[in-house]
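Enquirer: One line per chain: the protein sequences are Z and U, in this order. The numbers in the numbering used here rise by one with no breaks, and the one at position 362 of the first sequence is 362. The number in the numbering used here is simply the position in the second sequence, starting from 1, with 383 added.
Worth flagging that the hints you see were computed from the coordinates, not collected in a lab. Just so we're clear, the structure is a prediction, and the values are computed from it rather than from any experiment. Just so you know, not all the hints are guaranteed correct.
Here are some of the chain Z residues that sit facing chain U, going by a computed Cβ distance under 7 angstroms [said to hold, decoys possible]: (1) I18; (2) D20; (3) A220; (4) L279; (5) A282; (6) V283; (7) I285.
We put the CB at the ideal spot given by N, CA and C, even for glycine.
One letter stands for each residue in the lines below.
2 protein chains.
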Amino acid sequence: MKIGLLGHGVVGSGVRKIIDRQETPETEKMEIVRILVKSEAEMTDARMTMNADDILDDPSIDTVCECMGGLEPAHSFVKKAIENGKNVVTSNKKMLASSAEELFALAAEKHVRLQYEATCGGGIPWIHEISHIQRVDDIRSFYGIFNGTSNYILTRMNSENQELEPMIKEAQGLGYAERNPSDDVEGWDVRYKTALSSLAAFHTVVDPDDIPTYGIQNIAMEDIDWCRNNGYTCKLIGSGENHDATVSIFVRPFFLKKEDVFASIPLNYNALECESNTLGKAVFIGQGAGSLPTAHAVVQDLIDISEEKENADAAMNHKPVSAAGYEAVFYIRTKKTALFNPELIERRVGSNSFLTKKVSFMDVKVAVQSVNDEALFLAEVAQ
Amino acid sequence: MKIGLLGHGVVGSGVRKIIDRQETPETEKMEIVRILVKSEAEMTDARMTMNADDILDDPSIDTVCECMGGLEPAHSFVKKAIENGKNVVTSNKKMLASSAEELFALAAEKHVRLQYEATCGGGIPWIHEISHIQRVDDIRSFYGIFNGTSNYILTRMNSENQELEPMIKEAQGLGYAERNPSDDVEGWDVRYKTALSSLAAFHTVVDPDDIPTYGIQNIAMEDIDWCRNNGYTCKLIGSGENHDATVSIFVRPFFLKKEDVFASIPLNYNALECESNTLGKAVFIGQGAGSLPTAHAVVQDLIDISEEKENADAAMNHKPVSAAGYEAVFYIRTKKTALFNPELIERRVGSNSFLTKKVSFMDVKVAVQSVNDEALFLAEVAQ
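Make the full structure from the sequences, and use the hints.
Expert: Spelled out as structure tokens, the structure:
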């Protein structure tokens with residue numbers, strides 16, 4: 001297997017290390033022949049090039065690993081690789097979630113593989129386990145902590161009694177958060193991952209923009225304090241449920257009972273759960289990011305391709321994302337409470353915060369939109 | 384694939400249900416043609432027989448599923464099935480751990496498969512995930528809650544402030560514990576599972592009798608109280624570590640810090656962790672028993688065989704189990720404290736209980752033996 005590696009950052013350099021080491025019979029069958037880097041300064045190996053076409057147009061390369069991140073040029077490179085008959089493994093959740101339908105259709109047409117284990121849960125074998133369970137059973141729902149950066153920040157806010165900003169800075173100092181942390185903190189990263197999990201678990205293509213997404217950008221110590229005083233721990237949760245005609249997928253902070261397993265997921269770990277009829281709930285916990293864990297997931301995809309293990313090519317379906325059927329209690333803090341639909345409010349719990357009655361996510365979404373407060377904080381509350 | 388099913392109890396009946404339903408392309412390729420039951424009263428299906436040879440001597444049956452439990456006649460039946468050239472899938476940890484070397488050697492000689500996913504962790508894809516990770520990396524160690532019954536009992540003792548006996552009765556009432564609960568409560572069940580995990584993770588055959596095993600049969604509310612008052616939660620933990628010339632494997636109650644993920648594993652769930660170089664720690668949580676989850680694991684093994692997925696047939700090795708290299712702090716309660724090696728004691732924590740210094744498991748084992756108190760309770764204490 002001749003591999004062209006696009007990108008030599010955190011994930012790409014990990015992939016190169018694992019494959020170059022050739023420590024198992026499976027990795028011995030692989031060779032990275034070309035590596036795309038961004039600058040002269042990165043050209044430390046004879047295989048490196050700054051021209052993507054050295055990889056995409058090389059007929060001796062059968063498989064391309066895209067570990068660049070971002071929408072473009074990653075999307076164009078992946079598209080060209082598939083058009084040129086190459087298998088693709090990608091770790092790029094944003095690019096793939098945004099172009100899933102186009103790229104999977106193209107891959108089917110060109111009879112090549114498009115694999116994406118590393119897009120969700122870092123080293124956790126999430127996509128693999130979903131396919132594995134599907135050999136026996138359908139997946140009904142998934143749920144979990146999909147973002148290690150925000151989990152690190154929430155864990156530290158809770159243990160250090162510190163506001164969001166200094167904890168974001170700490171996460172940046174440790175390399176967990178980007179200079180612009182909005183993808184992690186505002187829930188966009190989880191949105192892409194839930195869209196790809198819907199594809200794997202339900203074979204349902206969704207537009208990420210349709211997924212109701214609330215992040216932790218407005219969380220304050222008073223929210224954390226209320227949480228703790230009432231026996232809860234706050235986590236950022238993505239979840240999905242499959243229905244006959246719709247899927248319900250959400251991203252939101254969640255006040256979990258503190259004895260809940262998910263409440264004790266520490267620091268930058270991820271924890272992902274899926275539920276099926278025969279297996280019930282199965283939970284997978286691991287490092288959600290990091291060079292070697294994520295690279296491990298990329299290499300697993302490469303092994304599947306080299307062993308010609310076919311994906312069960314269940315036909316994709318399209319269903320709208322619906323928030324109507326999901327009922328829950330929400331904690332909401334806004335200085336503009338007076339503008340929130342009073343019929344949904346159960347009781348005040350702070351000067352600017354209240355709990356809703358058990359209401360549909362749709363109703364809350366509409367009420368939140370009408371308040372139009374950019375500083376509003378919303379969380380689901382476990383019952 | 385023509386399957387003969389040995390045993391139609393909790394697990395066997397689940398296997399029959401899943402395969403008879405034929406809900407996936409993988410299970411559609413399978414057929415259960417014969418089912419061994421124990422009594423006339425169980426003969427509710429034309430496929431049922433009370434004569435094992437109707438399965439073991441039937442040349443049209445290519446694969447045998449052993450879900451009987453117990454040492455004999457399960458062991459003889461499995462041996463005969465292999466000798467007759469049939470693949471075997473077993474959920475019987477006690478039988479397999481006790482005869483692993485003999486049966487795997489025989490299977491290799493006869494070129495048939497012997498699979499055992501359902502022996503550890505019920506529906507958790509533990510053996511599968513170990514093999515999956517080994518495609519990229521070696522497993523260094525494993526750790527976890529391997530027994531759902533004792534976890535249920537410990538969880539309930541903690542939440543209900545009740546002594547061991549009534550909680551065993553409650554577990555029996557719910558069908559979690561056998562009439563004779565000693566395998567679950569005294570740690571023997573975990574011992575078999577750690578022996579089989581050593582086989583999967585390290586390719587090391589160990590004699591289960593060599594594994595130092597301490598159960599919860601002597602735990603009292605005063606131990607649970609000390610735990611809670613000092614920020615710990617008690618769990619029954621099995622673990623293993625691979626070394627150059629030895630393996631260290633232990634089964635013992637463990638006072639975990641209450642914020643530890645394993646401390647919040649509820650009721651009859653299992654949680655199993657393995658550690659490898661690239662992936663770091665990966666944890667799998669699921670129902671550790673129950674008809675359909677365990678049957679799911681059996682069916683997964685059957686699918687692997689029907690798809691002719693070869694196990695990586697790494698040669699087995701033999702290493703002694705050594706307790707010498709493992710150092711920890713222990714909580715010990717015995718009325719015969721005066722007989723315990725005083726050099727190992729750090730401080731008294733109750734009228735009959737004390738904490739040791741950080742000492743090797745070997746030294747503690749020897750000191751415990753010299754005390755010779757059948758009511759002694761020992762637990763490792765997280766540092």
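Enquirer: Does each hint hold? Answer for all of them.
Expert: Hint-by-hint comparison with the structure:
1. I18: holds (6 angstroms)
2. D20: Constraint on D20(Z) not satisfied, violated at 13 angstroms.
3. A220: With a closest approach of 23 angstroms, the A220(Z) hint is violated.
4. L279: holds (5 angstroms)
5. A282: holds (4 angstroms)
6. V283: holds (4 angstroms)
7. I285: holds (4 angstroms)
The structure does not agree with the numbered hints 2 and 3 stated previously, though it agrees with the rest.
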